[in-house]
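Those protein sequences? They're chains A and B, same order as listed.
Using the working numbering, you'd call the opening residue of the first sequence number 1 and step up by one each time.
Using the working numbering, you'd call the opening residue of the second sequence number 1 and step up by one each time.
Treat the hints with caution; some may be incorrect.
[To be verified] Short derived list, chain B residues pointing at chain A, Cβ under 8 angstroms:
1) 25
2) 26
3) 30
4) 34
5) 35
6) 37
7) 43
8) 46
9) 52
10) 53
[What the hints assert, rightly or not] Capping the alpha-carbon separation at 35 angstroms, the derived lysine-lysine pairs in DSBU-like fashion look like this:
11) 13/B / 44/A
12) 41/B / 12/B
13) 41/B / 12/A
14) 41/B / 8/A
Treat the hints as calculated values from the structure; they're not laboratory data.
For every residue, glycine included, the Cβ atom is placed at its ideal position computed from N, Cα and C.
Listed here are the chains, written in short residue letters.
2 protein chains.
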Amino acid sequence: MKYDAEVKISLKKGMLNPEASTTQRALALLGYEVEGTATIKIIKFTLEEENEKLAMEEVDDMCQRLLCNPVIHDYEINITPSDA
Amino acid sequence: MKYDAEVKISLKKGMLNPEASTTQRALALLGYEVEGTATIKIIKFTLEEENEKLAMEEVDDMCQRLLCNPVIHDYEINITPSDA
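Pulled out of the complex, with its shape left as it was, chain A reads as follows:
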C-alpha cells in the first residue's frame, strides 16, 4: 500500500531563525510592519508500506536519522493513504 508522507519541520522555541528575521526586516524596509515571523519546512514524499502504523514508524526513523536535527528541530509527521 502506498502512503503520502508529509514532514513538517520547525525550529524549536528559542532557537534563532536568521532567515525569518531577515525576511521581517526586508518586509519592514518595503513598508510592511509584521511581527513574529517564523519559517517552517515541509518535505513530502510517497512510500510503500504495509500499513499506516509501519509507515509512520519508518518516516519517524527517517526524521531521526536524516531529515531533522532533534537538537534544534521539532517535527510533525502526517501520513495519508496515497490516491495514486
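Following the hints, position chain B against chain A.
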C-alpha cells in the same frame, strides 16, 4: 485587528528541485525507498489590518514584491484572526 498569515510557497510543476532530489537520494543511501519527494516552505507572521480582506491583499502584495518569485513559485495564503 491582528491577523496570523501563513504563506505556503512551492515550486511550480516542472521546476527542478535539487533539495528534494538530494534528500531522496540520501534516503535511498540509508535504505529508505521513497518517491515523488517535494519541498514546501511556509512563512508565518502576524500583521495588523482592518479586516481579513485587506490583510489578504497586503500579504498578496508582499508575496509579489518579496516573498515569492512568481516565475518559479506557486503560493497560497491563509489568513486567520490572531488569538493574541
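For each hint, the structure was consulted:
no., hint, verdict
1, 25, "violated (11 angstroms)"
2, 26, "holds (6 angstroms)"
3, 30, "holds (6 angstroms)"
4, 34, "holds (4 angstroms)"
5, 35, "holds (5 angstroms)"
6, 37, "holds (4 angstroms)"
7, 43, "holds (6 angstroms)"
8, 46, "holds (5 angstroms)"
9, 52, "violated (16 angstroms)"
10, 53, "violated (17 angstroms)"
11, 13/B / 44/A, "holds (14 angstroms)"
12, 41/B / 12/B, "holds (13 angstroms)"
13, 41/B / 12/A, "holds (17 angstroms)"
14, 41/B / 8/A, "holds (10 angstroms)"
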